[in-house]
Amino acid sequence: MSSREEQEQELEALEAIFEGEFVLLDGGNADASGSTARFQIALNDDSVSIKSRLVIKFSEAYPDEIPEISLLVDQGMSERKRAQLQEQIVKEAESQLGMPMVYALHSFAKEWITANIVASSGVLESETSEISFETRDLEAEKRSEASNMKFHGTPVTKETFEEWAAAFQKEQNAKAHIANASEENTEPRLTGRQLF
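The sequence shown maps to residues 1 to 196 in full-length UniProt numbering.
These are computed hints drawn from the structure, not numbers from a lab. There may be inaccurate statements among the hints.
Simulated pairs of lysine-lysine, PhoX-like, Cα-Cα distance not exceeding 20 Å [unchecked claim]:
| id | residue 1 | residue 2 |
| --- | --- | --- |
| 1 | Lys142 | Lys158 |
| 2 | Lys91 | Lys110 |
| 3 | Lys81 | Lys51 |
Restraint ranges, calculated between C-beta atoms of paired labels, are given here [stated by the list, open to error]:
| id | residue 1 | residue 2 | range |
| --- | --- | --- | --- |
| 4 | Glu94 | Ser49 | 24 to 32 Å |
| 5 | Phe196 | Asn173 | 36 to 44 Å |
| 6 | Gln75 | Leu24 | 35 to 43 Å |
| 7 | Ser59 | Lys110 | 21 to 29 Å |
| 8 | Gln75 | Glu8 | 27 to 35 Å |
| 9 | Ala166 | Pro188 | 44 to 52 Å |
| 10 | Asn44 | Glu12 | 32 to 40 Å |
| 11 | Leu195 | Lys158 | 35 to 43 Å |
| 12 | Arg82 | Val156 | 51 to 59 Å |
| 13 | Lys142 | Lys175 | 38 to 46 Å |
Remember, predicted model here, so these are calculated numbers, not experimental data. Ideal Cβ placement from N, Cα and C applies to all residues, glycine included.
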């Protein structure tokens, strides 16, 4: 099977799989299919409002050659993350040489977005509100130190224990003395027989 036939079959499959997310670019004319096909597939993640598109243009030798790949971000991803993702997509394309790869690249990109943007922050990442890992680590360390402070007091040494034991004994003796004094000042209690 020739490269052109493989490309046409892959385009048909992609149109069927992605329906509303697949758009054939270059006006959608007949010349746009095959070796010069240029198209985009949406890479949206509605859970965190990420809207991006994977734009691919086949080369003459595709799938034995990497297609031209662009990642366009409309909303929800910083330029730094976009560049990282595009670099990872190109690496993935290199590992897929020799076989139709667009569906695999799309799946890889969605998984990367989930793993690196959605899961890592739990919220939408933006350039202005990005917290560095060092800051997060320091905050977690401060919280753990504060909770550990509840369990730490004065370290027990022989001297501190003897001081505490002497103070405790003095306190117990004072309580016993007060209890004895109050018993001496009270009238003896009558027994049950004496009451009746």
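Structure-based check of all given hints:
Distance restraint check for Lys142 and Lys158: the Cα-Cα separation of roughly 31 Å exceeds the 20 Å cut-off, and the hinted pair is therefore not satisfied. Note on Lys91 and Lys110: the hinted pairing holds, with a Cα-Cα distance of about 15 Å set against a maximum of 20 Å. Between the alpha carbons of Lys81 and Lys51 the distance comes to roughly 13 Å, so the proposed pair stays at or under 20 Å and holds. Checked against the hint of 24 to 32 Å, the pair Glu94 and Ser49 passes, with Cβ atoms roughly 31 Å apart.
Distance hint for Phe196 and Asn173: a CB-CB separation of about 39 Å, consistent with the stated range 36 to 44 Å. Distance hint check for Gln75 and Leu24: the Cβ-Cβ separation is about 23 Å, which falls outside the suggested range of 35 to 43 Å. Between Ser59 and Lys110 the C-beta distance comes to about 24 Å, which sits within the given range of 21 to 29 Å. At roughly 33 Å, the beta-carbon separation of Gln75 and Glu8 lies within the given 27 to 35 Å, and the hint holds.
The hint said 44 to 52 Å for the Cβ distance between Ala166 and Pro188, and at roughly 35 Å that hint is violated. The hint said 32 to 40 Å for the Cβ distance between Asn44 and Glu12, and at roughly 23 Å that hint is violated. Checked against the hint of 35 to 43 Å, the C-beta distance between Leu195 and Lys158 comes to roughly 55 Å, which is inconsistent with it. Between Arg82 and Val156 the beta carbons are some 58 Å apart, a value that agrees with the proposed interval 51 to 59 Å.
For the pair Lys142 and Lys175, the beta carbons lie near 42 Å from each other, so the given range of 38 to 46 Å is met.
Figure legend: structure checked against the earlier numbered hints; hints not met, in rising order: 1, 6, 9, 10, 11.
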